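Residue 110 in the UniProt record's numbering sits at position 110 of the sequence shown; the count goes up by one each step and never skips.
Some hints here could point you the wrong way.
Computed Cβ-Cβ distance ranges for the label pairs, DEER-style [to be verified]:
(1) Pro353 / Asp432: 37 to 47 Å
(2) Gln369 / Gln3: 42 to 52 Å
(3) Arg134 / Met41: 36 to 46 Å
(4) Thr114 / Ser223: 30 to 40 Å
(5) Gly59 / Ala261: 30 to 40 Å
(6) Met41 / Pro353: 24 to 34 Å
(7) Arg162 / Leu246: 23 to 33 Å
(8) Ser282 / Asp249: 34 to 44 Å
(9) Cys91 / Arg162: 29 to 39 Å
(10) Glu155 / Thr263: 29 to 39 Å
(11) Met41 / Cys91: 46 to 56 Å
(12) Lys377 / Gln145: 16 to 26 Å
(13) Glu46 / Lys89: 44 to 54 Å
(14) Ser332 / Cys91: 54 to 64 Å
Simulated from the structure, these hints should not be mistaken for laboratory data.
Please read these numbers as outputs of a predicted model, since none were measured by experiment.
Ideal Cβ placement from N, Cα and C applies to all residues, glycine included.
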Amino acid sequence: GHQPRLSRYIAEDRKFVERIGRIHVDEAHFIYTAGKEKYSMPAFREAWGRLGEARIKIGKRIPVQALSGTQPPHIKKVIINDLLMNEKKLCSIKLTSNRHNTNYLTWKIVGDITDYRNLHLAIPDGYTGDSKLRKFVIFHDNREQAAAATRALNERLPEHLRNTGVVAHYHSMMSKLYLIRIFDDFSNPNGGLDVEDVDFVVQYGVPRDVPTFLQRAGRAGRSLGSTATALLLYERAVKDIDLSNLTVDTVADPDYPHVGAITTRTKKLDRTGVAMASILQSSECLRLLFARYLGDLETPALDFDSKLAFCCDRHGDVDLKTVFPGPLLYESSMGIKYFGSPTDPTSTMADPPHGEKRAAVRNKYRRNQKELIIQLKQWRYKLATELGPAGSPSFVLSDRDVKLLARAHPTAVTSASSVTSILDQTPEWHNDWASILYTMIETYDRNRKPTKVKGPAPKKAKVTQRPPSIPPPSSSPSRSPLAPVQPRPVPRRIVPGAPKPDGDPFIVRRSARLRQLGL
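The whole structure should be built from the sequences, with the hints applied where relevant.
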């Protein structure tokens with residue numbers, strides 16, 4: 001692929017190399033977490049695992065520094081080996097990774113992970129826009145879920161604040177202009193958002209390893225004198241992971257997936273590391289468990305700021321109602337979903353009954369969906385060349401969006417606005433793409449050959465078998481029921497040697513037959 005400019009300078013320009021006085025590697029834990037092949041999976045960012053090659057070309061005489069807030073023993077060992085550090089000359093400066101101004105919470109996701117009512121805690125009920133919202137950063141492990149959560153949270157805002165950037169999603173596949181605009185809005189104090197003023201970090205869905213959560217939790221509470229909350233919302237199935245019969249070496253790597261080797265098709269929960277699963281299944285202090293994982297058992301590792309109401313949710317009753325600005329979604333022992341806090345008697349039902357159930361209306365779907373799916377994907381492929389490497393056609397039209405448009409019945413796609421409504425997109429998206437997609441779908445429906453509707457099958461001739469005809473009654477005069485009945489003749493018994501009556505043909509034939517047999 002394309003060779004970066006720094007790589008070319010190191011390989012070709014010796015004068016440039018001679019000017020290098022020291023090497024600093026920030027976020028050095030990525031050497032292990034992203035740069036190495038693990039668990040039968042290829043490296044996520046192979047370049048991180050090849051920094052040692054760059055050091056050879058620069059020269060081992062140049063001092064190198066590796067910085068990271070998450071260097072547990074097994075990761076630190078890989079960093080030292082990969083950067084070709086001499087342990088005899090190594091100076092290791094270890095400070096506690098404990099964020100004393102942050103408290104930690106874990107909470108079970110209610111229902112499916114796509115039920116974004118679990119995130120209502122970020123925005124107060126009945127918010128009008130008169131007051132300033134608390135700052136949240138919510139991490140997802142799926143780009144489509146990030147977009148869907150953004151749409152769901154926008155619905156919590158008053159009409160005049162929806163799709164105005166108060167809630168926005170951000171990932172690497174977006175266009176460069178969008179990323180710059182969102183980051184500037186987020187970091188600009190005049191816009192009401194400040195990177196150093198993040199109050200809450202939410203990890204939505206269990207992360208694969210502990211460093212991922214700790215690094216993300218560290219985005220909160222960065223301003224001097226502030227306090228913050230880090231919340232891990234996890235799937236209920238994590239509690240059911242069996243950690244009693246592990247076949248993996250958790251000493252060499254505590255983040256090893258609990259099922260062992262994994263593939264690209266391995267389900268998310270099966271990828272969960274042993275350390276992350278054991279922390280969620282434990283009842284010990286979260287701050288203590290994180291310190292134990294990092295090998296950080298000094299006294300400051302367990303300290304927390306006196307401004308915090310609590311250390312974590314493992315110490316007695318924590319009044320969750322006072323922690324978040326919005327309501328928390330929870331499920332009672334009877335399986336009923338509520339908004340509020342389990343200890344709050346004023347909690348409200350999330351799905352109140354609405355009288356008798358109506359019969360479900362059967363949805364109508366488009367016929368011949370495959371042809372339209374092909375056309376939409378071909379358009380998206382051409383769009384990639386127009387947007388260039390900085391753009392993301394999947395953000396304009398994801399695979400899920402393609403399926404939704406292809407399934408929609410022609411009677412439901414009547415305008416550009418209906419396309420936006422089906423995909424639940426923003427006004428900005430509507431202005432850029434809705435008319436183009438509507439024209440494409442309308443042209444497809446107009447030019448498509450009508451599907452032949454099969455008529456009812458011809459009725460087969462019904463063949464009925466009549467019973468055999470009954471002969472008509474005799475024309476003899478009817479007998480009176482009072483007339484005497486003539487007795488039947490008594491059967492004659494043939495006795496051997498008795499004289500045979502003449503004139504009976506049956507007896508004659510039988511006698512002749514007996515004579516033939518010598519009887």
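For each hint, the structure was consulted:
no., hint, in the structure
1, Pro353 / Asp432: 37 to 47 Å, "holds (42 Å)"
2, Gln369 / Gln3: 42 to 52 Å, "holds (44 Å)"
3, Arg134 / Met41: 36 to 46 Å, "holds (38 Å)"
4, Thr114 / Ser223: 30 to 40 Å, "holds (34 Å)"
5, Gly59 / Ala261: 30 to 40 Å, "holds (38 Å)"
6, Met41 / Pro353: 24 to 34 Å, "violated (47 Å)"
7, Arg162 / Leu246: 23 to 33 Å, "violated (48 Å)"
8, Ser282 / Asp249: 34 to 44 Å, "violated (20 Å)"
9, Cys91 / Arg162: 29 to 39 Å, "violated (54 Å)"
10, Glu155 / Thr263: 29 to 39 Å, "holds (37 Å)"
11, Met41 / Cys91: 46 to 56 Å, "violated (34 Å)"
12, Lys377 / Gln145: 16 to 26 Å, "holds (22 Å)"
13, Glu46 / Lys89: 44 to 54 Å, "violated (28 Å)"
14, Ser332 / Cys91: 54 to 64 Å, "holds (56 Å)"
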